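There are 2 protein chains.
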Amino acid sequence: MNKTLLKKYARLVVEKGANVQKGQGVVIYAAVDQQDFVCSLAQQCYKAGAKWVDVDWSCQELEKIIYRGETITQLCKVPQWRREKHQVIVDELPATIFILSEDPDGLAGVNKEKLQKATVARKKVRKIYMDQYDGKQQWVIAAVPSPKWAKKVFPELKKSEAVNKLWDAILQTVRVNKDNDPIAEWDAHNKNLKARYQKLNSMKLDKLVFNSSNGTDFTVGMNPDFLWMGGEETTQSGVAYNPNMPSEEIFTTPMKGCAEGTVVSTMPLSYRGQLIENFSVTFKDGKAVDVKAEKGEDILRDMIASDETAGYLGEVALIPKTSPIKETGILFYETLFDENASCHLALGAGFNNVIPGYEKLSLEECVAKGVNDSIIHVDFMIGSEDMNITGYDKDGKEFKIFENGNWSF
Amino acid sequence: MNKTLLKKYARLVVEKGANVQKGQGVVIYAAVDQQDFVCSLAQQCYKAGAKWVDVDWSCQELEKIIYRGETITQLCKVPQWRREKHQVIVDELPATIFILSEDPDGLAGVNKEKLQKATVARKKVRKIYMDQYDGKQQWVIAAVPSPKWAKKVFPELKKSEAVNKLWDAILQTVRVNKDNDPIAEWDAHNKNLKARYQKLNSMKLDKLVFNSSNGTDFTVGMNPDFLWMGGEETTQSGVAYNPNMPSEEIFTTPMKGCAEGTVVSTMPLSYRGQLIENFSVTFKDGKAVDVKAEKGEDILRDMIASDETAGYLGEVALIPKTSPIKETGILFYETLFDENASCHLALGAGFNNVIPGYEKLSLEECVAKGVNDSIIHVDFMIGSEDMNITGYDKDGKEFKIFENGNWSF
Numbered sequence: 008m009n010k011t012l013l014k015k016y017a018r019l020v021v022e023k024g025a026n027v028q029k030g031q032g033v034v035i036y037a038a039v040d041q042q043d044f045v046c047s048l049a050q051q052c053y054k055a056g057a058k059w060v061d062v063d064w065s066c067q068e069l070e071k072i073i074y075r076g077e078t079i080t081q082l083c084k085v086p087q088w089r090r091e092k093h094q095v096i097v098d099e100l101p102a103t104i105f106i107l108s109e110d111p112d113g114l115a116g117v118n119k120e121k122l123q124k125a126t127v128a129r130k131k132v133r134k135i136y137m138d139q140y141d142g143k144q145q146w147v148i149a150a151v152p153s154p155k156w157a158k159k160v161f162p163e164l165k166k167s168e169a170v171n172k173l174w175d176a177i178l179q180t181v182r183v184n185k186d187n188d189p190i191a192e193w194d195a196h197n198k199n200l201k202a203r204y205q206k207l208n209s210m211k212l213d214k215l216v217f218n219s220s221n222g223t224d225f226t227v228g229m230n231p232d233f234l235w236m237g238g239e240e241t242t243q244s245g246v247a248y249n250p251n252m253p254s255e256e257i258f259t260t261p262m263k264g265c266a267e268g269t270v271v272s273t274m275p276l277s278y279r280g281q282l283i284e285n286f287s288v289t290f291k292d293g294k295a296v297d298v299k300a301e302k303g304e305d306i307l308r309d310m311i312a313s314d315e316t317a318g319y320l321g322e323v324a325l326i327p328k329t330s331p332i333k334e335t336g337i338l339f340y341e342t343l344f345d346e347n348a349s350c351h352l353a354l355g356a357g358f359n360n361v362i363p364g365y366e367k368l369s370l371e372e373c374v375a376k377g378v379n380d381s382i383i384h385v386d387f388m389i390g391s392e393d394m395n396i397t398g399y400d401k402d403g404k405e406f407k408i409f410e411n412g413n414w415s416f
Numbered sequence: 008m009n010k011t012l013l014k015k016y017a018r019l020v021v022e023k024g025a026n027v028q029k030g031q032g033v034v035i036y037a038a039v040d041q042q043d044f045v046c047s048l049a050q051q052c053y054k055a056g057a058k059w060v061d062v063d064w065s066c067q068e069l070e071k072i073i074y075r076g077e078t079i080t081q082l083c084k085v086p087q088w089r090r091e092k093h094q095v096i097v098d099e100l101p102a103t104i105f106i107l108s109e110d111p112d113g114l115a116g117v118n119k120e121k122l123q124k125a126t127v128a129r130k131k132v133r134k135i136y137m138d139q140y141d142g143k144q145q146w147v148i149a150a151v152p153s154p155k156w157a158k159k160v161f162p163e164l165k166k167s168e169a170v171n172k173l174w175d176a177i178l179q180t181v182r183v184n185k186d187n188d189p190i191a192e193w194d195a196h197n198k199n200l201k202a203r204y205q206k207l208n209s210m211k212l213d214k215l216v217f218n219s220s221n222g223t224d225f226t227v228g229m230n231p232d233f234l235w236m237g238g239e240e241t242t243q244s245g246v247a248y249n250p251n252m253p254s255e256e257i258f259t260t261p262m263k264g265c266a267e268g269t270v271v272s273t274m275p276l277s278y279r280g281q282l283i284e285n286f287s288v289t290f291k292d293g294k295a296v297d298v299k300a301e302k303g304e305d306i307l308r309d310m311i312a313s314d315e316t317a318g319y320l321g322e323v324a325l326i327p328k329t330s331p332i333k334e335t336g337i338l339f340y341e342t343l344f345d346e347n348a349s350c351h352l353a354l355g356a357g358f359n360n361v362i363p364g365y366e367k368l369s370l371e372e373c374v375a376k377g378v379n380d381s382i383i384h385v386d387f388m389i390g391s392e393d394m395n396i397t398g399y400d401k402d403g404k405e406f407k408i409f410e411n412g413n414w415s416f
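These protein sequences, in sequence, are chains G and D. Residue numbers for the first sequence follow this note's numbering, beginning at 8 and rising by one. Residue numbers for the second sequence follow this note's numbering, beginning at 8 and rising by one.
Just so you know, not all the hints are guaranteed correct.
One copy or two, it doesn't matter: identical chains are merged, so the pair holds either way.
[Unchecked claim] Computed list of lysine-lysine pairs in PhoX-like fashion (alpha-carbon distance at most 20 Å, straight line): (1) Lys119 <-> Lys15; (2) Lys71 <-> Lys155; (3) Lys84 <-> Lys291; (4) Lys302 <-> Lys29; (5) Lys211 <-> Lys401; (6) Lys134 <-> Lys185; (7) Lys71 <-> Lys121; (8) Lys71 <-> Lys58; (9) Lys165 <-> Lys131; (10) Lys185 <-> Lys121; (11) Lys172 <-> Lys155; (12) Lys71 <-> Lys291; (13) Lys71 <-> Lys14; (14) Lys14 <-> Lys299; (15) Lys134 <-> Lys166.
Treat the hints as calculated values from the structure; they're not laboratory data. Just so it is clear, the structure is predicted and the values come from calculations on it, not from any experiment.
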């Protein structure tokens, strides 16, 4: 990949994504085969005045060997040094940068019980710390291609061609090209998203009804006071950042306990390195009570059993079929992209920061207001070509939100 | 590199080097661009019954960026999670595998004060833990080529050719080829080294005198009770392991405070990613009192000032000019190899395990017997074509040890 473009992208992630502050630490999570981009990120972090940069390397191939080689008991242990690494985030509130590049089904074939139990054990530990720094520090998720991921997306191409083509697609969706100023582009994009969510906030919606010819027939309850959000967010101390790059969604947290009917997936879901395809989820009293899937049904069942609240919804997100990600025509097999191509829901934890004044509330108070709390948060896509979405406020007043897959307003 | 050979090498490192025991943990230290070999090692570890494998990844290019981007104060901080990672070794005594692959002068250009102070600060912390696990767990250092290291060794070749040629050289020196059983070869090799050091032990040497036409004129005191060692070592709990692959040296710890005269280097020394070339060290009362170098004299001066005892000797090692490493005719710019091509000394810490019954001695008692203690241990090469070494016991009895660069017996 062209070095100038790579640098432009790294700068965008550091300045507009994480918005690294002078004197702040930075933790970068990345795969071992991404050293060039990680080095470029680190340089941009120091340029932005970072006090320190720590890179937490991962290797999916090694992870697979570890899953195969260790017992469940061993895999569920979280060593003290790993806890101390989480504690650094609580204590110092560094910006965190997550670089995705992994093969979407790179952990296929790993014993599912091991994978599920180890994932739950680690997430439980991580949550102890996350609950303490959530909303207080900037974070961003962005992606770079690995050869295996690129081959998954473009199986007909040679490895190097596939990688180049995935680079092109990623840079296009994050608004980086050789002629533009991506930071200015993101400012304009954030402004557009803001106008959209402000309109939704003014409706004070009490519920949303989803209908599509593919079988989706679904109603989800809303808390009229919860805020819709999109694009740029702000930490409690007032630092703006863009948590997802790309990001096209307008989203909020639905009301826990209010979801009825069935939603049909419109894209495959990659969960912990394994694919779930052609599935549907049926809700009753807000909870997933039945799931069906042509592929990976057991993974889906295990996922919603991760803890007692994993079957409740944590997110409703609206994306029109004219989304630039949708328009690439590419199935990325990666939620960061695919969620921005299609309306979606998330199973698991909701976002507390949709509650005005959430900073002063305890976790329990947020839950009492209707935000689900769980160790998982997994997006799955339900947007379709003919999706209609209608909103209602407490008085039954109707608002057309989506018609035939696009915004009504 | 041929996959079968790679696997054979990984198995040698795990079984004969670290000798990973059933139920034992393993820590692997390796660079991010060595994931294939690391994965192969991890597989061999689990095959040997490892309970867990943790890989501590490093990236020299990133390290350089970090050195440039951070203040000395920040660089000298050792976070709690890093201490906890050292503590794991104290608590669980895993086998440790160090995989070298870095560019020998990959940190050239980094501010020397930063490098020196940060190195000392980290080594001081590490030493707190090392002193607790030293002699109790198996460890091994082995190497794999990185493109930059390979280009340093074979500057005239294309990158891929250089890597292949360095692979060939490494595999040759560690006795791995497509037709042999490297484990059987190492058993035979260890037997030969043992016969050699047993002969030296029987001499009960009090001092060694080194002379060479290049200007080396040097006498070092010995403790007649200290043991000469070579090849395989044994943990306090009786597990055999081979700490260096390759290894051709017969070595011991000299008597602290007894070294007079000048030694002239015969090979460049790569220290912390920087090269020191054509240098000499003059000793008085056991301590380096003067150094001269055509290149890197300041690095050498800083090195012997790392702590109060860094200027004292910690090792004397004897290697004939017919060593297989010498016979490759290759200058590896890497101590693991180059030290096995030539007689050498080490500045800094000595080995306590040369004292019979050292397990029952405190660190202070070992120092009192003549073993230097320091945060550094740096080998430098002094063997030459016409090196003569003569030993003397307490009664002045003379033993010819080396004549014209080769063993006299």
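Earlier hints that do not hold, by number: 1, 3, 4, 6, 9, 10, 12, 14, 15
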